[in-house]
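Below, each chain spelled out in residue letters.
2 protein chains.
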Amino acid sequence: MSLIVTGSIGIDTVETPDGQKAESVLGGSSIYFAAGASFFTSVRLVAAVGEDFPAHFHKQFQRFDVCTDGLEERAGSKTFRWHGRYHANMNDRDTLDVQVNVLGEALPPVPDHYRDSKYIFLANTHPAGQLELLDQFPDRKLVVADTMDLWIDTEPGLLKQLLGKVDGFVLNDSEAKQLTGESNVIKAADAVLAMGPRFVVVKKGEHGAILRHQDGTGVLPAYPADAVIDPTGAGDSFASGMMGYLASVDDVSINAIRRAMAYGTVVASYTIEKFSTDRLAEIERSHIDQRLDEFAGHLDIGAGI
Amino acid sequence: MSLIVTGSIGIDTVETPDGQKAESVLGGSSIYFAAGASFFTSVRLVAAVGEDFPAHFHKQFQRFDVCTDGLEERAGSKTFRWHGRYHANMNDRDTLDVQVNVLGEALPPVPDHYRDSKYIFLANTHPAGQLELLDQFPDRKLVVADTMDLWIDTEPGLLKQLLGKVDGFVLNDSEAKQLTGESNVIKAADAVLAMGPRFVVVKKGEHGAILRHQDGTGVLPAYPADAVIDPTGAGDSFASGMMGYLASVDDVSINAIRRAMAYGTVVASYTIEKFSTDRLAEIERSHIDQRLDEFAGHLDIGAGI
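Chain order of the listed sequences is W and V.
If you're matching positions, the first sequence starts at 4 in the working numbering and goes up one per residue.
If you're matching positions, the second sequence starts at 4 in the working numbering and goes up one per residue.
Okay, chain W solo, but in the shape it has when bound (with noise of 0.2 Å):
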């Protein structure tokens, strides 16, 4: 089933606790969860660069069975660029240089065959081009966004009006506290779900996820990662993988979300284990239903005697 994803494109440099550093690389939110979806389905892309954009990247990204008719190079404008530095606990990041850039000015046009797009995500970007978006699907059976610290602070109103339009929305615990002001992680879901969501995926980094909704919850660990090279793109990977599964299986239902999450859950193990989309080029599908059956069997608790 079709999905489609708006987001940011980003030149990033990374450098991590170990003295590594990836410097102008492939990034952004819209890249991490096309490359990711794209082993589930046939992803569609909305997005914008500048003309500095590296043909190279062009190259890169066409290991991933994505549709760029809706990316736009746009001349005389320069691409988002993030330059930021992991702590040791490689969960917390200082941002050393950001600029905006292209993702200050106005989405490109929507192509017309991406209008039956029926699976939307919206990926961390203005809150007001998130919305702009979402109404052109008029057949859209399922739409998810993420946001991020900065649209909590700066566009309150724009965000409490895009929750009430989607039926699920992805958001860190940090995010999740600072949307609510509850600090307990269950009590800021379920204020967040009180905003409209049908469901609130809040996403802990290394410590997992967890699932809320109407009728219940679900938890979820993250993989027991023992190499983890660069966080950058962990939270676009879950996403990725629980989106590309439920539109690959056309199916919204609660149970399929769980496993859903399971799938974000191992493409995010993946994508952290190099910089830029570098893990996800060299693997399969496959590699992905293999780990998951690895990752169900960390889950197992057994029936007891």
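Please keep in mind that the hints were generated in silico from the structure rather than gathered at the bench.
Take these hints with a grain of salt, some might be off.
Treat identical chains as interchangeable: a pair holds within one or across any two.
To be verified - Keeping only pairs whose Cα atoms sit at most 20 Å apart, straight-line, the calculated SDA-like set for lysine to any residue is: (1) K180 / D229; (2) K190 / D21; (3) K180 / A91; (4) K190 / D218; (5) K190 / T220; (6) K163 / E185; (7) K180 / L166; (8) K190 / N92; (9) K180 / H210; (10) K277 / E26.
Treat the numbers as computed from the prediction; the structure is a model and nothing was measured.
Here the structure of chain W is known, so what remains is to put chain V in place on it, guided by the hints.
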């Protein structure tokens, strides 16, 4: 099957971020452990208190099926005291006052009728005492020990001796990093395994626990609690459900340990709902089994389509 525990008994004063304060309540690692494990099997306690130990604590503790023949009320000594204050995140805490008192003295003698104990839990205390106790049970089938940052700092040599003699070791994530110098929790667990035990359980508080053994891994989130009153004793309660279940089914296989960890998660989830052992005093085994079923549902990732 017979389960024995040694560890601290304390008079605790606990302050929580919502302004509540529990003053001079029953606490200590062996108390939380014995109370929790008593839902699964009968428990034998070896521990010392001072002559200041309040009489009403005995009455409070009678609620639990624990043999206290090994509990010594030592004339001329004072009971261990701890005063702590939790941070807003409920995971970190400051110790405002600690008085080691009787915990700094010799262990009480082990009653003769305890000698046939097969399941042994060495709750956190001085590793010299843990080593001393361990040798007194020739029929031991499973020995698991806990520790804390203090002993990792001051008694690394004794701790390594202990690690060479136990079957399992439980410790929290910061302690695992401290003991091994590994910042990745999986690598840290592997480094602990290399010191001797057959399995290691790394406790991550509200983020669950990780099991690591020679042939694999288990990962469990915590029970998604929406009302944490006081996290004191959560780690000991986790161990209590784990060891209590294992002793009750008399099974030390990895499969049994996986299920035991889920029971531990559930017992801990009750402990934190009130101060001291107050919540444990209100529940029955059936409540634990009910919540285990609920928790298994939380972990469900479905079978796919």
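We went through each hint and held it up to the structure:
no.	hint	result
1	K180 / D229	between (29 Å within a copy, 13 Å between copies)
2	K190 / D21	between (37 Å within a copy, 15 Å between copies)
3	K180 / A91	between (24 Å within a copy, 12 Å between copies)
4	K190 / D218	within (14 Å within a copy, 38 Å between copies)
5	K190 / T220	within (12 Å within a copy, 30 Å between copies)
6	K163 / E185	within (16 Å within a copy, 42 Å between copies)
7	K180 / L166	within (16 Å within a copy, 40 Å between copies)
8	K190 / N92	between (26 Å within a copy, 14 Å between copies)
9	K180 / H210	both (16 Å within a copy, 16 Å between copies)
10	K277 / E26	within (13 Å within a copy, 51 Å between copies)
The structure shown violates none of the earlier numbered hints.
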